[in-house]
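Asker: Please build the complex by placing chain R on the supplied structure of chain H, with the hints as guidance.
Chains as they are written, first to last, in the UniProt record's numbering: chain H, 1 to 499; chain R, 1 to 499.
It cannot be assumed that every hint is accurate.
[As the list claims (entries may be wrong)] Here are a few chain H residues that sit away from chain R, every Cβ distance over 10 Å (derived from the structure):
(1) L128
(2) V134
(3) W347
(4) F402
(5) A449
(6) A454
[Claimed, not checked] Which chain H residues face chain R? A few, computed with CB under 8 Å, are given here:
(7) S77
(8) Q86
(9) E277
(10) T333
(11) V341
(12) K396
[Claimed, not checked] In silico SDA-like cross-links for lysine to any residue, where the CA-CA straight-line distance does not exceed 20 Å:
(13) H:K84 with R:N391
(14) H:K84 with R:N285
(15) R:K322 with H:R116
(16) R:K84 with H:I286
(17) R:K375 with H:L103
(18) R:K84 with H:L366
(19) H:K375 with H:G463
(20) H:K396 with R:Q86
(21) H:K375 with R:N98
(22) H:K84 with R:K375
(23) R:K413 with R:L423
(24) R:K84 with H:F270
(25) R:K414 with R:F402
(26) R:K84 with H:R367
(27) R:K396 with R:Q450
Hints listed in this document are in silico derivations from the structure and should not be mistaken for laboratory results.
The beta-carbon is built from N, C-alpha and C at its ideal position, and this holds for glycine as well.
Number of protein chains: 2
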Amino acid sequence: MGDSDAAGALTRRRRATLAAGRSASLLPMNGRSAAVCQDSVTAEVSRDDGQGKRDRSLETVRSKSKSEKKKCRNDISDRLSCHKTQQSLLSSASGYSNYRGVLNWCVVMLVLSNARLFLENLLRYGILVDPIQVISLFLNDPYSWPAACLVIVSNVFILVALYTERQLSKGSFTELVGFLVHCTNMAVMLTFPAAVVLLVPSVTPVGGVFVLGTYTILFLKLYSYKDVNMWCRELSTVKAKKLARSLSCKSQIHMHIPMFTREDMYYFVFAPTLCYELNFPRSPNIRMSFLLRRLFEMLFFTQLLVALTQQWMIPIIQSSMKPLEDMDLSRMTERLLRLAVPNHLMWLMFFYWFFHSSLNFTAELLRFGDRQFYKDWWNSESVTYFWQNWNIPVHKWCLRHFYKPLLRRGFSKKVSQSAVFFLSAFFHEYLVSVPLRMFRLWAFMGMMAQLPLAWFVGHFLRGNYGNAAVWISIIIGQPFAVLMYVHDYYVLHYRQEAD
Amino acid sequence: MGDSDAAGALTRRRRATLAAGRSASLLPMNGRSAAVCQDSVTAEVSRDDGQGKRDRSLETVRSKSKSEKKKCRNDISDRLSCHKTQQSLLSSASGYSNYRGVLNWCVVMLVLSNARLFLENLLRYGILVDPIQVISLFLNDPYSWPAACLVIVSNVFILVALYTERQLSKGSFTELVGFLVHCTNMAVMLTFPAAVVLLVPSVTPVGGVFVLGTYTILFLKLYSYKDVNMWCRELSTVKAKKLARSLSCKSQIHMHIPMFTREDMYYFVFAPTLCYELNFPRSPNIRMSFLLRRLFEMLFFTQLLVALTQQWMIPIIQSSMKPLEDMDLSRMTERLLRLAVPNHLMWLMFFYWFFHSSLNFTAELLRFGDRQFYKDWWNSESVTYFWQNWNIPVHKWCLRHFYKPLLRRGFSKKVSQSAVFFLSAFFHEYLVSVPLRMFRLWAFMGMMAQLPLAWFVGHFLRGNYGNAAVWISIIIGQPFAVLMYVHDYYVLHYRQEAD
Numbered sequence: 001m002g003d004s005d006a007a008g009a010l011t012r013r014r015r016a017t018l019a020a021g022r023s024a025s026l027l028p029m030n031g032r033s034a035a036v037c038q039d040s041v042t043a044e045v046s047r048d049d050g051q052g053k054r055d056r057s058l059e060t061v062r063s064k065s066k067s068e069k070k071k072c073r074n075d076i077s078d079r080l081s082c083h084k085t086q087q088s089l090l091s092s093a094s095g096y097s098n099y100r101g102v103l104n105w106c107v108v109m110l111v112l113s114n115a116r117l118f119l120e121n122l123l124r125y126g127i128l129v130d131p132i133q134v135i136s137l138f139l140n141d142p143y144s145w146p147a148a149c150l151v152i153v154s155n156v157f158i159l160v161a162l163y164t165e166r167q168l169s170k171g172s173f174t175e176l177v178g179f180l181v182h183c184t185n186m187a188v189m190l191t192f193p194a195a196v197v198l199l200v201p202s203v204t205p206v207g208g209v210f211v212l213g214t215y216t217i218l219f220l221k222l223y224s225y226k227d228v229n230m231w232c233r234e235l236s237t238v239k240a241k242k243l244a245r246s247l248s249c250k251s252q253i254h255m256h257i258p259m260f261t262r263e264d265m266y267y268f269v270f271a272p273t274l275c276y277e278l279n280f281p282r283s284p285n286i287r288m289s290f291l292l293r294r295l296f297e298m299l300f301f302t303q304l305l306v307a308l309t310q311q312w313m314i315p316i317i318q319s320s321m322k323p324l325e326d327m328d329l330s331r332m333t334e335r336l337l338r339l340a341v342p343n344h345l346m347w348l349m350f351f352y353w354f355f356h357s358s359l360n361f362t363a364e365l366l367r368f369g370d371r372q373f374y375k376d377w378w379n380s381e382s383v384t385y386f387w388q389n390w391n392i393p394v395h396k397w398c399l400r401h402f403y404k405p406l407l408r409r410g411f412s413k414k415v416s417q418s419a420v421f422f423l424s425a426f427f428h429e430y431l432v433s434v435p436l437r438m439f440r441l442w443a444f445m446g447m448m449a450q451l452p453l454a455w456f457v458g459h460f461l462r463g464n465y466g467n468a469a470v471w472i473s474i475i476i477g478q479p480f481a482v483l484m485y486v487h488d489y490y491v492l493h494y495r496q497e498a499d
Numbered sequence: 001m002g003d004s005d006a007a008g009a010l011t012r013r014r015r016a017t018l019a020a021g022r023s024a025s026l027l028p029m030n031g032r033s034a035a036v037c038q039d040s041v042t043a044e045v046s047r048d049d050g051q052g053k054r055d056r057s058l059e060t061v062r063s064k065s066k067s068e069k070k071k072c073r074n075d076i077s078d079r080l081s082c083h084k085t086q087q088s089l090l091s092s093a094s095g096y097s098n099y100r101g102v103l104n105w106c107v108v109m110l111v112l113s114n115a116r117l118f119l120e121n122l123l124r125y126g127i128l129v130d131p132i133q134v135i136s137l138f139l140n141d142p143y144s145w146p147a148a149c150l151v152i153v154s155n156v157f158i159l160v161a162l163y164t165e166r167q168l169s170k171g172s173f174t175e176l177v178g179f180l181v182h183c184t185n186m187a188v189m190l191t192f193p194a195a196v197v198l199l200v201p202s203v204t205p206v207g208g209v210f211v212l213g214t215y216t217i218l219f220l221k222l223y224s225y226k227d228v229n230m231w232c233r234e235l236s237t238v239k240a241k242k243l244a245r246s247l248s249c250k251s252q253i254h255m256h257i258p259m260f261t262r263e264d265m266y267y268f269v270f271a272p273t274l275c276y277e278l279n280f281p282r283s284p285n286i287r288m289s290f291l292l293r294r295l296f297e298m299l300f301f302t303q304l305l306v307a308l309t310q311q312w313m314i315p316i317i318q319s320s321m322k323p324l325e326d327m328d329l330s331r332m333t334e335r336l337l338r339l340a341v342p343n344h345l346m347w348l349m350f351f352y353w354f355f356h357s358s359l360n361f362t363a364e365l366l367r368f369g370d371r372q373f374y375k376d377w378w379n380s381e382s383v384t385y386f387w388q389n390w391n392i393p394v395h396k397w398c399l400r401h402f403y404k405p406l407l408r409r410g411f412s413k414k415v416s417q418s419a420v421f422f423l424s425a426f427f428h429e430y431l432v433s434v435p436l437r438m439f440r441l442w443a444f445m446g447m448m449a450q451l452p453l454a455w456f457v458g459h460f461l462r463g464n465y466g467n468a469a470v471w472i473s474i475i476i477g478q479p480f481a482v483l484m485y486v487h488d489y490y491v492l493h494y495r496q497e498a499d
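Bound conformation, chain H alone:
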């Protein structure tokens, strides 16, 4: 390298004496760049890597020492040098990583391709939206309202629970008696509506889901109510013992005295939570604008969901009956993927409609302080994280009244977790099979399948891959179950009619 250095210096001197460009041809191209324009050189030094760096920097030092930079920085010689050593942005050598625009790209692509699907759908089927038809989903004949009646009846169970707790607090019920009353009360709560839905023909599937949903929620609420009041009694007895030993009256500040008023009970029944508490955090006042915005969202999304179902879901489902009967695998997959998109979008809308709009609306109306109805499940990198964060009221209930009690009873974490999934699976099946009046266990298996899935994702996928896996399981899993049920329902009812 020393030689080339010397050579470089030499030739530079030589070139300085106006020798013709021939001599320059002896040099490697790199060497020649010294002659062009000092500031292009100084510019390069910072970027250029490896060979020819040393003599360049020498060169620049020399140039800096001389006061000729201003001359060199004239227009023409700026024009002459327009390249500098640098990497392409996409090659790993350049540490570039700003792909902000890609998100916009994804959004635009999704919107456009769905606009296309929408247009194709309109061209093929015309407009199928029919809001009136929705009513028929709830009512078979407008003179009997079984669903509504059942919901009204549910008050009985609420009052039974309240009455029992009153007796227990007074001491006129022993713990055992109270426990038995509660158990029977709740057992009836689950069996009675199911029986009615199964036996009364005028209950429509949608009406059935509505009723059983209401009763399930009540069941969970009353279970929590019973537990909490029991814990209060335990606590106060503990305190009483303490008091007996040390007579420091201070310790009684921690006495828990629940109040068994109807207001308290019904506030809990309507409050957007499944976990009873002696005193819920309250928001200072009702924000009217917030309330109205949520109300508007509720109405808007209801309409949108109905419209999309009629225009988008039903045609696909109907068109996928034939392939399902023929067990034509490739076409079934095609139909499944075709159904996945609208189904998923509607699930997202439903999520927002229920967990953000509706629950926040209720909470605002009741000045209920705790608005954490969901956490950031969209970022979940494992299946368990998703199930722990997308439905906080239920998760909270499971944790407080099922998972932790099991742990306290000495069960292992694995067992308790499986038990939670089992419970959830049971209720999923309960809420689907009974209204449809057919027991296929798709929903049950769907929930139980989450356990191996969770194990797989947790062990083999991290970060964005885990997140993607969760998304796929949501997007593909649901429409699969939907198709199964619809197919069976279709076969059960319409095929029989056909025969």
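Answerer: Frame of chain H; chain R shown alone:
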């Protein structure tokens, strides 16, 4: 508020003496929370806003002063309070903004919906991919290779340019003569191949595009070559004058002595740039792994592009001929959107294939230092930014040899910019119309339409909206032009055959 405070303190004391829960019912729910559990209170104070804050904080101070927190922090009373005042993540009140998962969602949705389209396509058309057929796009009869011959001929023009510059530097050509020779040389470069493509029937459209593309690139290169050498002469004359005045021999270091060797010329011809420079920045050595990766990408994407065209583009284009003839607007839109997706994806692949893989491959092979062939156009929030950054070689050329010279000649920025777009529009039309042998001006108008579009986006859209607008213009604009040309070509050729 003072009263309620006093009342709170009073009741607290009263409750301390084991009075029954009745008394508590006199209080508002908020007040009661004081009794539950100190640490739940302390927890709330930090979050709870507005009403009942003052007496709470009092309460906590009092609690802190007493040493009873450890007792209160026992299991049961933790169980009892499970809510705290907080906002939902999606409501603006919570400053939450982490939607990392949404990008994964978009990707998954895009992949799934395209998988669906792919499957549908296979089910409908079967496999249409046929690599051999590609050759027929370049050759009509395998015994005449007009495209190849034209490319070989192009060397003549290169050597003419080199010869002219040599004469100019020797001074045996005057500036005027040199200018005239260059002009004729370049005029012929544009007209001659076009004439051949138009007149020789054995030139296929694809072959034609290839030839004209090569000649256009050469044209731009030689234009730059001529300009740069001219500037060098100007500079040296300036220097000579300076020298005459002040005899400081130092100033001659900035003498620019171009060398007119064939190696130098052909290095520039093959180098991945359109702007000539006396000495290009060089990379120190050839990175074999980098070279091979780029080579693999080149081969892979070539195959993929061919396959997708045959399997995806052609069926859609064929199926959209009928609606185009009938001028059935809604169906035309549907077909346009249907074409937009594959067309856009293939454009992206082409971009990567050409601007990243191919140009980097050439650059690595020639140890060409400047790898900036594109900038971050995917983040562009204005149309002008896109055109300035997606194709850097051309942008650099326009800036250096067309835009700035115009400015120096005293034209306004607006005029010069429009002129650049006009030039680009001309070449777009030139590269499409001549090979297709029909002059429809779609490409020309497409480019010129960028001016009003740029004005609109620049004035009315900012940030992500601007970015989205740019994406839409790319995704929708191209297939529109494609459909127009294909339709006209189809009408011109196949319909005539039909008649």
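Asker: Checking a non-interface call: every C-beta of chain R should be farther than 10 Å from the C-beta of H:V134. Is that right?
Answerer: H:V134 is indeed farther than 10 Å from all Cβ atoms of chain R, at 27 Å.
Asker: Would the hint on H:V341 be counted as holding, given a Cβ-Cβ threshold of 8 Å to chain R?
Answerer: Constraint on H:V341 satisfied, holds at 6 Å.
Asker: Sort out whether R:L423 lies within 20 Å of R:K413, counting only the CA atoms.
Answerer: 15 Å, holds
Asker: Determine whether the non-interface label on H:A454 survives the test: each CB of chain R must be over 10 Å from its CB.
Answerer: 17 Å, holds
Asker: Using the nearest Cβ pair, does H:K396 come within less than 8 Å of chain R?
Answerer: At 6 Å from the nearest chain R Cβ, H:K396 passes the 8 Å test, so the hint holds.
Asker: Would the non-interface assignment of H:A449 survive a Cβ cutoff of 10 Å against chain R?
Answerer: Its Cβ never comes within 10 Å of chain R, the nearest being 19 Å, so this holds.
Asker: Can the hint on H:T333 be confirmed by a CB-to-CB distance to chain R that is less than 8 Å?
Answerer: This interface hint holds because 6 Å falls under the 8 Å limit.
Asker: For a C-alpha distance cap of 20 Å, please report whether R:K414 and R:F402 respect it.
Answerer: 13 Å, holds
Asker: Decide, holds or violated, for the assertion that all CB atoms of chain R are farther than 10 Å from the CB of H:F402.
Answerer: 13 Å, holds
Asker: Does R:N391 sit within 20 Å of H:K84, going by the straight-line distance between their CA atoms?
Answerer: 17 Å, holds
Asker: Taking only the CA atoms, is the gap from R:K396 to R:Q450 under or equal to 20 Å?
Answerer: OK: R:K396 and R:Q450 at ~19 Å, within 20 Å.
Asker: Identify whether the interface hint at H:E277 stands, where standing means a beta carbon of chain R within less than 8 Å of its own.
Answerer: 6 Å, holds
Consistency with the previously given hints is maintained throughout, with no hint failing.
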